[in-house]
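For the record, the sequence lines run as chains S and L. Counting in the numbering used here, the first sequence runs from 1 upward without gaps. Counting in the numbering used here, the second sequence runs from 113 upward without gaps.
Hint data in this document are derived by calculation from the structure and do not stem from the laboratory. In this text, all values refer to a predicted model and were calculated from it rather than measured experimentally. Worth double-checking, as some hints may not be accurate.
[What the hints assert, rightly or not] Here are the simulated lysine-lysine pairs, BS3-like style, with alpha carbons at most 30 angstroms apart: (1) L:Lys-168 to L:Lys-114; (2) L:Lys-168 to S:Lys-57; (3) S:Lys-11 to S:Lys-70; (4) S:Lys-53 to S:Lys-70; (5) S:Lys-70 to L:Lys-218; (6) L:Lys-168 to L:Lys-179; (7) S:Lys-11 to S:Lys-57; (8) L:Lys-218 to L:Lys-154; (9) L:Lys-218 to S:Lys-11; (10) L:Lys-154 to L:Lys-114; (11) S:Lys-57 to L:Lys-154; (12) L:Lys-179 to S:Lys-11; (13) S:Lys-53 to L:Lys-154; (14) S:Lys-57 to L:Lys-182; (15) S:Lys-57 to L:Lys-114; (16) L:Lys-218 to L:Lys-182; (17) S:Lys-11 to S:Lys-53; (18) L:Lys-182 to L:Lys-168.
[As the list claims (entries may be wrong)] Reference listing, derived: stretches of chain L covered by chain S, where coverage requires no fewer than 3 residues with Cβ under 8 angstroms from a Cβ of chain S: (19) 152-164; (20) 193-204.
Using N, Cα and C, we set each Cβ at its ideal position, and we do this for glycine too.
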Amino acid sequence: DAGITQSPRHKVTETGTPVTLRCHQTENHRYMYWYRQDPGHGLRLIHYSYGVKDTDKGEVSDGYSVSRSKTEDFLLTLESATSSQTSVYFCAISTGGNYGYTFGSGTRLTVV
Amino acid sequence: QKEVEQDPGPLSVPEGAIVSLNCTYSNSAFQYFMWYRQYSRKGPELLMYTYSSGNKEDGRFTAQVDKSSKYISLFIRDSQPSDSATYLCAASGAGSYQLTFGKGTKLSVIP
Chain S
1 DAGITQSPRH KVTETGTPVT LRCHQTENHR YMYWYRQDPG HGLRLIHYSY GVKDTDKGEV
61 SDGYSVSRSK TEDFLLTLES ATSSQTSVYF CAISTGGNYG YTFGSGTRLT VV
Chain L
113 QKEVEQDPGP LSVPEGAIVS LNCTYSNSAF QYFMWYRQYS RKGPELLMYT YSSGNKEDGR
173 FTAQVDKSSK YISLFIRDSQ PSDSATYLCA ASGAGSYQLT FGKGTKLSVI P
């Protein structure tokens, strides 16, 4: 997707290990978001950022932390991965919610 | 109750049919309404954007918002197999930096 990349695209990790997912944008958008998408639940907001070093929790933030040290990068860390965190994770960027989001291609994470 | 409700389907239609996808919302502050299309194993992409009530047309797609009944619709005319995807509705209020999403409706267009 133009202007936003997620890495890695796929990852398998073991229960109890820390995992970091990266979102990188070249659009200089102020807002960045991390979602997880699961069957039956749709997109659920984990954390979001409204500027460098400015972050806040979403509806499913337990077990996750984020950091944004530069405008272009937003990192999501699973502090100690659990099987319930097996999901597809999407990063999104925005100039403001009124204008919609641009989503990345997603990271498919499996915790075994 | 989620602020945006959407029937998950799945919905299966023959090629060439008119498709109607719908959402309801409960937050009266919502003024901006969007439809996203998500192909399998891809990220959602913005398909249609509407401000307040009314219709917006783009090719075979028409987005409709009725604020009086808090109803959001997406119509697809002459549906094609390439329209097979999950469609998510979304809404936000003025000045908000967050979208509220429906859970998505999975559509299959059968050749």
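Taking the hints in turn, this is what the structure says about them:
1. L:Lys-168 to L:Lys-114: It holds: about 25 angstroms lies between the C-alpha atoms, which stays within 30 angstroms.
2. L:Lys-168 to S:Lys-57: Cα-Cα ~34 angstroms, so violated.
3. S:Lys-11 to S:Lys-70: holds (24 angstroms)
4. S:Lys-53 to S:Lys-70: holds (8 angstroms)
5. S:Lys-70 to L:Lys-218: With a Cα-Cα distance of about 37 angstroms, the restraint between S:Lys-70 and L:Lys-218 is violated, given a limit of 30 angstroms.
6. L:Lys-168 to L:Lys-179: With Cα atoms ~14 angstroms apart, L:Lys-168 and L:Lys-179 stay inside 30 angstroms; holds.
7. S:Lys-11 to S:Lys-57: holds (24 angstroms)
8. L:Lys-218 to L:Lys-154: holds (14 angstroms)
9. L:Lys-218 to S:Lys-11: holds (26 angstroms)
10. L:Lys-154 to L:Lys-114: Given that 30 angstroms is the threshold and the Cα spacing comes to 24 angstroms, the pair holds.
11. S:Lys-57 to L:Lys-154: holds (25 angstroms)
12. L:Lys-179 to S:Lys-11: Given that 30 angstroms is the threshold and the Cα spacing comes to 43 angstroms, the pair is violated.
13. S:Lys-53 to L:Lys-154: OK: S:Lys-53 and L:Lys-154 at ~29 angstroms, within 30 angstroms.
14. S:Lys-57 to L:Lys-182: holds (28 angstroms)
15. S:Lys-57 to L:Lys-114: Given pair S:Lys-57, L:Lys-114 holds - Cα atoms ~18 angstroms apart, limit 30 angstroms.
16. L:Lys-218 to L:Lys-182: The hint holds at about 22 angstroms.
17. S:Lys-11 to S:Lys-53: holds (26 angstroms)
18. L:Lys-182 to L:Lys-168: The given pair, whose Cα atoms are some 16 angstroms apart, holds under the 30 angstroms limit.
19. 152-164: holds (count 7)
20. 193-204: holds (count 3)
Of the hints listed earlier, those the structure fails to meet are numbers 2, 5, 12, in rising order.
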